[in-house]
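Enquirer: The primary structure of each chain is shown beneath.
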Amino acid sequence: MEKRLSSLLENCTSGGCGAKIGPGELSGLLKGLPVFSDENLIVGYDSSDDAAVYKIDEKRSIVTTADFFPPMVNDPKAFGRIAAANALSDIYAMGATPVTALNLVCFPQSMDLDILREILTGGAEKVVEASAVLAGGHSIYDKEPKYGMAVTGIVENDKIIRNDTPQITHKLILTKPLGTGIIMAALRGEAASSEAVNKAVASMERLNKYAAEKMRGFNISACTDITGFGLLAHMLEMASDKVSVAIDPNEIPYIEEAHEYAGDFLVTAAGQRNRNHFSDKADLSGLPFAIQELMFDPQTSGGLLICAAPEQAYDLLAAIQADDPAAKMIGEIIKREKDVIVLNT
Amino acid sequence: MKIIDVMGKPCPIPVIEAKKALAKQDADGVLVRVDNIVAVQNLEKMAKGYGYGFSYVENAKDSYEASISRDGKTAPVLNNAGSGAGAVKCGPPSGKWVVVISRNTMGEGAEELGKILIKGFIYSLTELAVPPEYVIFLNSGAHLTSEGANTIEDLKKLEEKGIGIFTCGTCANYYGLQDKLAVGAITDMYGITEKMASASNVINI
Numbered sequence: 000m001e002k003r004l005s006s007l008l009e010n011c012t013s014g015g016c017g018a019k020i021g022p023g024e025l026s027g028l029l030k031g032l033p034v035f036s037d038e039n040l041i042v043g044y045d046s047s048d049d050a051a052v053y054k055i056d057e058k059r060s061i062v063t064t065a066d067f068f069p070p071m072v073n074d075p076k077a078f079g080r081i082a083a084a085n086a087l088s089d090i091y092a093m094g095a096t097p098v099t100a101l102n103l104v105c106f107p108q109s110m111d112l113d114i115l116r117e118i119l120t121g122g123a124e125k126v127v128e129a130s131a132v133l134a135g136g137h138s139i140y141d142k143e144p145k146y147g148m149a150v151t152g153i154v155e156n157d158k159i160i161r162n163d164t165p166q167i168t169h170k171l172i173l174t175k176p177l178g179t180g181i182i183m184a185a186l187r188g189e190a191a192s193s194e195a196v197n198k199a200v201a202s203m204e205r206l207n208k209y210a211a212e213k214m215r216g217f218n219i220s221a222c223t224d225i226t227g228f229g230l231l232a233h234m235l236e237m238a239s240d241k242v243s244v245a246i247d248p249n250e251i252p253y254i255e256e257a258h259e260y261a262g263d264f265l266v267t268a269a270g271q272r273n274r275n276h277f278s279d280k281a282d283l284s285g286l287p288f289a290i291q292e293l294m295f296d297p298q299t300s301g302g303l304l305i306c307a308a309p310e311q312a313y314d315l316l317a318a319i320q321a322d323d324p325a326a327k328m329i330g331e332i333i334k335r336e337k338d339v340i341v342l343n344t
Numbered sequence: 000m001k002i003i004d005v006m007g008k009p010c011p012i013p014v015i016e017a018k019k020a021l022a023k024q025d026a027d028g029v030l031v032r033v034d035n036i037v038a039v040q041n042l043e044k045m046a047k048g049y050g051y052g053f054s055y056v057e058n059a060k061d062s063y064e065a066s067i068s069r070d071g072k073t074a075p076v077l078n079n080a081g082s083g084a085g086a087v088k089c090g091p092p093s094g095k096w097v098v099v100i101s102r103n104t105m106g107e108g109a110e111e112l113g114k115i116l117i118k119g120f121i122y123s124l125t126e127l128a129v130p131p132e133y134v135i136f137l138n139s140g141a142h143l144t145s146e147g148a149n150t151i152e153d154l155k156k157l158e159e160k161g162i163g164i165f166t167c168g169t170c171a172n173y174y175g176l177q178d179k180l181a182v183g184a185i186t187d188m189y190g191i192t193e194k195m196a197s198a199s200n201v202i203n204i
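So the protein sequences, as listed, match chains B and F.
0 is the number of the first residue of the first sequence in numbering that gives the first Met the number 0; add one for each residue after it.
0 is the number of the first residue of the second sequence in numbering that gives the first Met the number 0; add one for each residue after it.
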C-alpha cells in the first residue's frame with residue numbers, strides 16, 4: 000500500500016491548492032474574457048467571490064462552485080476527504096447549504112484502480128457528512144491524478160454572504176490554523192514530522208460546515224475561505240478599495256510545526272508566488288519572517304474568514320471554538336487608511 | 000564549491016538540499032541549479048536569513064544557478080524532521096566540548112553580580128586556546144544573544160573564530176525575542192540535543 004501511495008505523490012509536481020495558477024497570471028487571463036451579465040447572476044466571476052450565485056426565484060438562489068487538484072498526501076482516502084472538504088467549502092463561505100456534488104476525476108491509466116476507489120470513498124464520506132447528495136461525475140485518464148468536485152448549494156437570497164462587503168468595526172475570525180501548505184511541502188522534501196502531517200491532514204479534512212452553521216443568526220457582513228492564495232490575499236480581497244483591515248499578528252492561528260519550518264525557510268513555491276504578487280499591496284516587513292510566510296502560505300481546504308458585528312463576535316467565536324478550537328479573532332475592519340493592512344503590534 | 004542539481008524538484012527541496020550541503024563541516028558554499036525563479040527566490044530568503052552570501056545567474060528561462068557562500072558563518076542545524084541520512088554531522092566527538100547557557104545570569108546570589116559574571120564568562124571563552132565547538136543558549140539565556148545584550152560583541156568574536164552560537168527558537172519566541180537575534184542562529188531542541196549528545200564534554204551554566 001505504502002509503495003503505491005508514494006508513487007501517487009511522486010507523479011505530481013505540486014499538490015493541493017499550491018497547484019493553483021498564480022494570482023497575477025490568472026487576473027491577466029480573465030481580463031481578456033467577455034463579462035457576462037444576467038440579471039439573475041447575483042455573484043459572478045467579475046467579483047472574484049468564492050462561488051457563483053444565481054437567483055432562481057424571489058426567495059432562493061443556487062450557488063455553484065468547482066475545485067480539484069493533485070494529491071498532497073500519501074493516503075488516498077485522506078486525499079479524497081480533503082478534496083471534497085475543499086470543494087464544499089466555497090458553498091459554506093457563501094452562507095449556503097450544499098445539496099448536490101459531482102466527482103471530477105483525472106487518473107493515470109497505469110495506476111491501480113484501488114487507489115481511485117479509496118479516493119472516491121474518502122470524497123463520498125465528506126458528502127455524507129455535509130448531508131448533500133453525490134449525484135454523478137466525470138472521469139478521464141491523465142498523467143497526474145487529480146480529484147475534486149463540482150458542488151451546488153442553495154441559499155435564501157437575503158442570507159447570501161459575500162466576501163467583499165465587510166463593515167467597519169466588524170471583527171475578523173479565522174476558523175482554522177494556517178500552515179498546511181508549508182507542512183505538505185515539507186512532506187514532499189521528507190522534512191515534515193508525522194505529527195505535523197497528521198495535524199495538517201486533520202485540519203484540511205475538516206468541513207467548514209460546523210463554523211458556517213454557527214454563523215447563522217449572527218450579524219455577518221462578509222465571509223470567505225482561505226485558499227491557495229493565502230490569508231493576506233483574502234484579507235486584501237475582503238477590504239477591496241473600501242476599508243482597511245487591522246490585524247493582530249499575535250492572534251493569527253497556525254500549526255506550530257509550520258511556524259518552525261517557515262523559520263527554517265522550508266517554504267513553498269506557491270507561497271513565494273503569493274509574496275511576489277501581494278507584497279507591494281501590504282507591508283508585512285514589521286512581522287517576524289515566519290509569520291509573514293504563514294500569511295502567504297497556500298492553504299488547501301483552509302478555514303473561513305468571517306467578518307462579524309463587534310457586539311456579537313466574541314459569542315460567535317466561543318461557539319465556533321467549541322468545535323474548532325484553533326479559531327481566533329485576528330483583527331477588525333477599520334476606516335480606509337493609506338495602508339490596506341494595518342498591523343496592531 | 001559543491002554543485003547540486005535540483006532541476007524539476009519542487010520547493011522546498013532545493014532549500015533542503017542546499018541546507019544539507021551547507022551543513023557539512025568543510026562546506027564553504029554551494030551552487031544550486033534550479034529551473035524556476037521562484038525556487039531562486041526561496042533559496043535567497045534562506046541565504047539572507049542566515050547571513051550568507053547570495054547571487055544567481057539566469058542561463059535560460061528554465062535554467063538558473065544560485066550560489067550561496069557561507070562567508071565564515073556557521074551553518075544552522077537542519078530541520079529535525081528530515082534527520083536520518085542527511086542530518087548534520089557534528090564531527091568526531093573527540094575533544095569537542097559544548098557550553099550550554101540556560102539563564103541570563105551566572106551562579107546563585109545577587110542578580111546584578113550574576114550578570115557581570117556571565118559577561119565575564121563569555122569574554123573568557125574568547126580567550127581560550129581550545130574554545131568550545133558550540134555555545135548554546137536556552138531559556139532566559141536567549142536574552143544574551145538578543146539585541147541590546149552586553150554579551151553580543153564577545154559572542155560575535157566567538158562566531159568569527161568558527162564557534163557555533165545557537166539560540167533555542169522556542170525560548171526566543173517565548174520571550175518575544177524571535178526577531179531580535181543579534182548573533183548566531185536559531186535552532187530547535189533536536190539540534191540542541193544532538194549537539195550535546197555528540198560532545199565529549201558539556202558545560203552547563
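Hints were generated in silico from the structure; no laboratory data involved.
One or more hints might be untrue.
As the list claims (entries may be wrong) - Cross-link-like lysine-lysine pairs, in silico, DSS-like; alpha carbons within 30 angstroms at most:
(1) B:Lys280 with F:Lys160
(2) F:Lys47 with B:Lys76
(3) F:Lys60 with B:Lys337
(4) B:Lys142 with F:Lys47
(5) F:Lys8 with B:Lys142
(6) F:Lys160 with B:Lys198
(7) F:Lys8 with F:Lys95
(8) B:Lys280 with F:Lys95
(9) F:Lys60 with B:Lys145
(10) B:Lys337 with F:Lys179
Enquirer: Hints first: check each against the structure and report whether it holds.
Expert: Structure-based check of all given hints:
For the proposed pair Lys280 (chain B) and Lys160 (chain F), the alpha carbon gap of about 43 angstroms is over 30 angstroms, so the pair is violated. Of the pairs offered as hints, the one joining Lys47 (chain F) and Lys76 (chain B) is violated, with about 40 angstroms between alpha carbons and a cut-off of 30 angstroms exceeded. Of the pairs offered as hints, the one joining Lys60 (chain F) and Lys337 (chain B) is violated, with about 37 angstroms between alpha carbons and a cut-off of 30 angstroms exceeded. About 38 angstroms separates the Cα atoms of Lys142 (chain B) and Lys47 (chain F), which puts this hinted pair outside 30 angstroms; it is violated.
With a CA separation close to 17 angstroms, the supplied pair Lys8 (chain F) and Lys142 (chain B) stays within the 30 angstroms bound. A threshold of 30 angstroms between alpha carbons decides the hint, and for Lys160 (chain F) with Lys198 (chain B) the separation of about 41 angstroms lies outside it, so the pair is violated. For a cut-off of 30 angstroms, the pair hint linking Lys8 (chain F) to Lys95 (chain F) is broken: about 37 angstroms separates their Cα positions. For a cut-off of 30 angstroms, the pair hint linking Lys280 (chain B) to Lys95 (chain F) is broken: about 50 angstroms separates their Cα positions.
Distance restraint check for Lys60 (chain F) and Lys145 (chain B): the Cα-Cα separation of roughly 28 angstroms lies within the 30 angstroms cut-off, and the hinted pair is therefore satisfied. Distance restraint check for Lys337 (chain B) and Lys179 (chain F): the Cα-Cα separation of roughly 28 angstroms lies within the 30 angstroms cut-off, and the hinted pair is therefore satisfied.
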